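Quick mapping for you: the protein sequence lines, in order, are chains A and B. Sequential numbering of the first sequence, starting at 0, is according to numbering that gives the first Met the number 0. Sequential numbering of the second sequence, starting at 0, is according to numbering that gives the first Met the number 0.
Keep in mind the hints are simulated off the structure, nothing from the lab. Bear in mind the structure is a predicted one, so any value in this text is a computation, not a measurement. No false leads were slipped in.
Which residues of chain B face chain A? A few of them, derived with a C-beta cut under 10 Å, are:
#, residue
1, Ala121
2, Gly125
3, Ala180
4, Thr213
C-beta atoms are modelled at their ideal positions from N, C-alpha and C, and glycine is treated no differently.
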Amino acid sequence: MKAFFDKLYNALRSVKLAVVLLVLLALFAIAGGIIPQGKAASYYIEHFSGSGSRIILALALDHVFSSFLFLLVSAIFAINLTVCTFHRLTSEFFKPREKRRHGPDLLHIGLIILLFGGILTSRSRTETFINLRKGDSARLPGGAKLVLVDLKYEQYPDGRPKSWESTVAIDKNPPPEVPAPVLAHEEGGGDTLGTTGFADPTLNNSLSNAKVSNRAPAVSSAAPAAPAIPTDTKAGAGLPSSQTSSVPIAELPQYRIRVNKPLRLKGYSIYQQNWHTEKQVVLKDAMGMQFFLEPGMRETTKDGFVLFMALDTSQSSASAKTANAGAAPVASAVPSAIFLLEQNGKRTVVKAAPGQRIGLFTFDGFVDQPVSGLAVVSDKGYPFVATGFILVILGVFITYIRKLKGILA
Amino acid sequence: MIATIAFGLLLLSLVIQIVFVFKKEGGQDSISPWLSLAAGILLLIEIVRRSIAIRFVALTGMFESLVFLACFLAFLIFALQYFKSTKGNRVIPFGATIIAVIFLALASSPLAPSDIKPPVPALQSGWLVLHVSFTFIGEVFFTVGFVSAILQLVGKDEEKRRSYDRITYTSIAVGYPIFTAGALIFGAIWAEKAWGVWWSWDPKETWALITWLTYTAYLHFRLVRKSTSKLVPALVIIGFVIAMFTFFGVNFLLKGLHSYA
Chain A
0 MKAFFDKLYN ALRSVKLAVV LLVLLALFAI AGGIIPQGKA ASYYIEHFSG SGSRIILALA
60 LDHVFSSFLF LLVSAIFAIN LTVCTFHRLT SEFFKPREKR RHGPDLLHIG LIILLFGGIL
120 TSRSRTETFI NLRKGDSARL PGGAKLVLVD LKYEQYPDGR PKSWESTVAI DKNPPPEVPA
180 PVLAHEEGGG DTLGTTGFAD PTLNNSLSNA KVSNRAPAVS SAAPAAPAIP TDTKAGAGLP
240 SSQTSSVPIA ELPQYRIRVN KPLRLKGYSI YQQNWHTEKQ VVLKDAMGMQ FFLEPGMRET
300 TKDGFVLFMA LDTSQSSASA KTANAGAAPV ASAVPSAIFL LEQNGKRTVV KAAPGQRIGL
360 FTFDGFVDQP VSGLAVVSDK GYPFVATGFI LVILGVFITY IRKLKGILA
Chain B
0 MIATIAFGLL LLSLVIQIVF VFKKEGGQDS ISPWLSLAAG ILLLIEIVRR SIAIRFVALT
60 GMFESLVFLA CFLAFLIFAL QYFKSTKGNR VIPFGATIIA VIFLALASSP LAPSDIKPPV
120 PALQSGWLVL HVSFTFIGEV FFTVGFVSAI LQLVGKDEEK RRSYDRITYT SIAVGYPIFT
180 AGALIFGAIW AEKAWGVWWS WDPKETWALI TWLTYTAYLH FRLVRKSTSK LVPALVIIGF
240 VIAMFTFFGV NFLLKGLHSY A
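Turn these sequences into a full structure, and let the hints guide you.
Quick look at the structure:
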């Protein structure tokens with residue numbers, strides 16, 4: 000029995016086994032690097048010969064890195080690495096101190112911790128994308144509330160992006176969420192914030208439950224400098240603080256998030272993922288008040304509501320104009336929009352071009368609203384992966400860099 | 000213009016070396032080491048000039064990457080040629096010079112536009128600079144290992160093969176930790192900072208891992224191989240071919256997060 004375990008132990012710690020496993024892992028990775036991953040079975044049948052597609056599907060080469068065979072080889076490699084490290088480490092301790100070489104041990108231990116961290120990351124990592132306009136807010140894990148205070152987008156002269164930067168405020172003790180009331184615009188009450196919970200996988204404030212419009216006083220075409228974002232109805236500007244945060248936004252700690260400069264908070268990090276613009280329609284009432292609606296938002300009236308359903312890109316209106324918060328009309332190929340109009344209980348779908356009437360409103364045009372795309376990531380494997388990296392770097396340099404003198408000797 | 004002059008110097012160095020490579024006796028010529036050094040310095044000046052223009056380390060495009068590779072390869076060629084003990088071995092610097100010339104020829108091709116463009120937000124990271132520079136410095140050592148492994152594979156004299164084996168091993172042993180740190184670790188740290196994910200099996204990441212696995216297999220296989228095994232130098236040659244595919248092939252054939260690199 001002892002002989003069997005000795006044989007098994009020696010086999011599991013052998014360098015030959017390590018070489019075979021490394022080559023196998025490389026071959027799997029080559030397959031994963033050449034064969035497109037994660038496509039439907041029909042794709043492989045269509046793009047590869049009969050036997051080729053059969054082999055791909057039988058060996059799960061269409062999803063190599065999560066296939067049983069790859070995971071099995073990886074698991075044996077991890078065992079080989081662990082047994083080898085144990086054996087080497089115990090052997091080194093019996094050597095005189097000056098003859099000990101711990102570089103390979105550090106490297107191997109680092110790789111083991113890295114593998115463990117990688118597994119933990121793959122099992123526990125969560126990632127949620129949020130799209131926020133200036134003033135929007137979102138719930139973070141642990142209940143804190145994030146408010147987008149500002150966003151900046153800079154371009155190079157050739158049009159390529161130079162920087163994306165979001166300034167956010169974090170309220171660690173926000174008031175409990177309250178259902179968003181539907182407000183009649185005649186009442187003149189403040190809007191609700193478009194708040195969403197972190198757990199919502201479709202987290203997107205733009206399309207959240209708070210389906211009421213943003214509003215801004217009408218701006219005449221003679222005053223084109225008016226802001227495109229109606230900040231007066233946004234968090235911290237025109238709302239009672241009880242609706243947005245426990246304290247005024249200005250008193251909350253503020254942080255800047257840029258690409259490559261994530262915000263690290265306890266248990267999660269927030270990354271600047273992208274920046275884009277979102278088209279909103281602008282409605283104007285008889286008093287000249289403007290209302291900004293994104294797809295899915297509605298504005299209520301005394302006899303019903305107007306809901307902006309979607310852009311109609313199939314047809315452009317020659318007489319269209321772009322509304323940029325009161326900018327002068329611009330003749331351009333602007334799509335029309337589709338609205339759901341309810342008046343006295345009767346609902347109709349209306350397709351309208353800018354300038355046309357929709358119930359009590361005039362469809363005033365479009366505005367491009369800047370949106371910051373943030374990713375909220377929670378990763379329990381982070382400290383292990385980071386520790387693994389440090390040990391691997393230390394180990395690999397201690398082991399091999401002393402050879403530098405050999406290359407010129 | 001500066002890169003073109005460097006290209007000319009390396010080409011001249013190559014011509015001079017050809018004469019000496021085929022001479023049966025005598026050591027390294029006395030001119031080509033200085034030509035290699037001058038070419039390396041010129042290429043470094045080109046990198047600095049472009050970096051000043053974009054106010055960031057100019058390592059974010061194919062042209063800049065090739066210039067960086069050729070620059071450090073030229074410095075290593077100089078070191079190989081200059082240091083006394085390797086003077087007797089003229090073939091390895093000669094082979095490495097050929098590869099440096101190829102890198103610069105590619106840099107002047109339409110495949111590598113030389114427009115000076117400041118980096119987009121994702122590329123504005125110190126980790127990117129570490130990632131790219133360490134990866135390429137590691138690959139410079141792999142280049143020497145590659146040339147030496149070819150000589151080891153085709154050589155008939157056992158003593159010379161042993162000598163080439165030692166050079167191959169030391170080149171890989173020096174390049175390996177630098178490549179590991181640059182390609183895998185600094186790359187993963189940069190990816191985490193930029194996208195919040197360490198590893199995403201992007202084609203470039205996958206092929207960098209294949210390169211690393213191949214060289215790791217070489218370093219381990221060398222511990223247990225028979226001294227006459229041809230598989231050992233073959234692994235180094237395969238590793239270099241994969242490294243070059245990771246650099247060029249993935250950019251042009253496979254799309255992914257690194258499609259700008």
